[in-house]
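A.B. asks: Each chain, written out:
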Amino acid sequence: MLFPRQEKAIGKREAMRGVLIIEMLAAFAIISTTLIIAADSFIVSNRGNEVARRQVELSDALAFALADINRESKASDSYMHDIQKITMQRIAGLNNQTADTVSYFVQDNVLYKQVNSESALRITPPLVKVVLFDVNVYLNSVVQDFARVNLVARHIDGPSDPPIIIQTVFYSQQY
Amino acid sequence: MYVKLQHGFTIIEMVVVVGLLGTIAGLLVLGSAESRKQQRLDVAVETFISTVREVQTWGQTGRAYGAANDDNRFDYGYGVYVDNPQNNPTSFIVYGGAGTEATYDDCIYDPTREFAEYKLPKGIKVSATQTAGGAGDNNHKQVQVLFRRGDTQARLVDNVDSSDPFRDTIEITFTNGDTERTVHINKFGLIYAIS
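Line by line, the protein sequences are chains A and B. When we follow my numbering, the leftmost residue of the first sequence carries the number 3, and every step to the right adds one. When we follow my numbering, the leftmost residue of the second sequence carries the number 6, and every step to the right adds one.
Calculated from the structure, these hints are not laboratory results. Note that the coordinates shown come from a computational prediction; the quantities given were computed from them, not determined experimentally. Ideal Cβ placement from N, Cα and C applies to all residues, glycine included. Be aware that one or more of the hints could be misleading.
To be verified - In silico negatives: residues of chain B with every beta carbon more than 12 Å from chain A:
1) 16
2) 20
3) 22
4) 29
5) 89
6) 98
7) 115
8) 119
9) 123
10) 124
11) 138
12) 158
13) 170
14) 173
15) 199
Stated by the list, open to error - So the derived list for chain B, only partly shown, Cβ under 10 Å to chain A, looks like this:
16) 42
17) 157
18) 198
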């Protein structure tokens with residue numbers, strides 16, 4: 003036996019059951035769609051953040067290599083190039099230096115530096131994958147002798163990220 | 006017929022819920038502790054790397070410190086010194102280069118030329134050092150990196166052989182409990198964390 007209030011409540015609930023199912027289905031569909039859109043935006047945004055983070059890491063890591071090449075170029079007075087290799091001759095007496103031969107070359111996607119015949123050491127950290135190191139030396143009597151280095155690198159964890167492309171040009175100091 | 010509804014939970018339900026909550030809380034606390042440990046180590050390593058890079062900039066740009074006629078002026082370069090791991094160092098030291106020559110005596114750390122001491126965060130230790138090149142591979146030695154004015158490369162020294170003082174690479178390992186990270190420095194001045 004039920005109290006009148008309980009009877010009324012159950013009756014109402016039963017009367018609303020059909021509507022509730024439709025409402026619940028609709029609500030479920032709306033919530034699912036919203037969640038899917040939110041999750042997708044989150045994933046896309048997160049992926050964008052990851053790419054941006056890797057690009058910053060890559061730029062930071064390449065900054066040292068670029069600064070080093072430029073510093074050596076300023077202390078040198080001649081450049082020679084081979085396939086994917088540039089060799090500079092340091093100016094003797096400049097900053098107490100001797101006339102060392104400095105080379106930069108790429109091997110197994112790593113940019114190496116070598117002084118004279120000493121052991122070559124890497125100047126790009128492991129997160130950098132150098133995919134192109136292209137060197138050109140131009141001899142131009144009208145302007146100056148100059149060398150141009152193109153370096154293209156990717157982050158080791160982001161093979162499909164946009165690569166960072168660096169072009170550095172330096173002039174011979176002898177004129 | 007009116008059936009009285011049962012209120013409250015059985016003891017089994019309570020035990021299961023409390024157990025589940027305890028497990029989740031335990032996992033969170035453990036995960037958080039591990040994460041904090043890793044974070045402290047990362048901060049220590051990044052601080053060390055950025056200090057070495059700062060010293061590199063000072064050394065290569067020739068920032069002077071002290072009066073021109075002061076014998077202790079630090080204008081021949083700056084270095085970073087890490088004590089022998091067997092002495093359980095709790096800090097690393099920035100020091101000034103001694104003289105104009107790239108010799109052993111002018112490159113090694115001299116306590117009278119100490120510039121700043123950087124304390125490692127609590128729990129972080131220097132657990133190992135490793136040098137290679139020159140006089141060979143040496144473990145667990147005090148190590149120093151000096152960036153001299155006008156010098157195109159870093160001077161890496163481990164105080165092992167003064168007749169052949171310079172090394173090609175130095176690796177310094179920092180640990181926090183059983184978590185570790187290693188910093189690699191080479192004589193061309195490249196600095197990076199390996200792990």
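A.B. asks: Hint by hint, note whether the structure agrees.
C.D. replies: Now for the hints, and whether the structure bears them out:
| no. | hint | verdict |
| --- | --- | --- |
| 1 | 16 | holds, 30 Å |
| 2 | 20 | holds, 33 Å |
| 3 | 22 | holds, 26 Å |
| 4 | 29 | holds, 23 Å |
| 5 | 89 | holds, 25 Å |
| 6 | 98 | holds, 23 Å |
| 7 | 115 | holds, 21 Å |
| 8 | 119 | holds, 26 Å |
| 9 | 123 | holds, 21 Å |
| 10 | 124 | holds, 26 Å |
| 11 | 138 | violated, 7 Å |
| 12 | 158 | violated, 7 Å |
| 13 | 170 | holds, 15 Å |
| 14 | 173 | violated, 6 Å |
| 15 | 199 | violated, 7 Å |
| 16 | 42 | violated, 22 Å |
| 17 | 157 | holds, 6 Å |
| 18 | 198 | holds, 9 Å |
Checked against the numbered hints listed earlier, the structure breaks hints 11, 12, 14, 15, 16; every other hint is satisfied.
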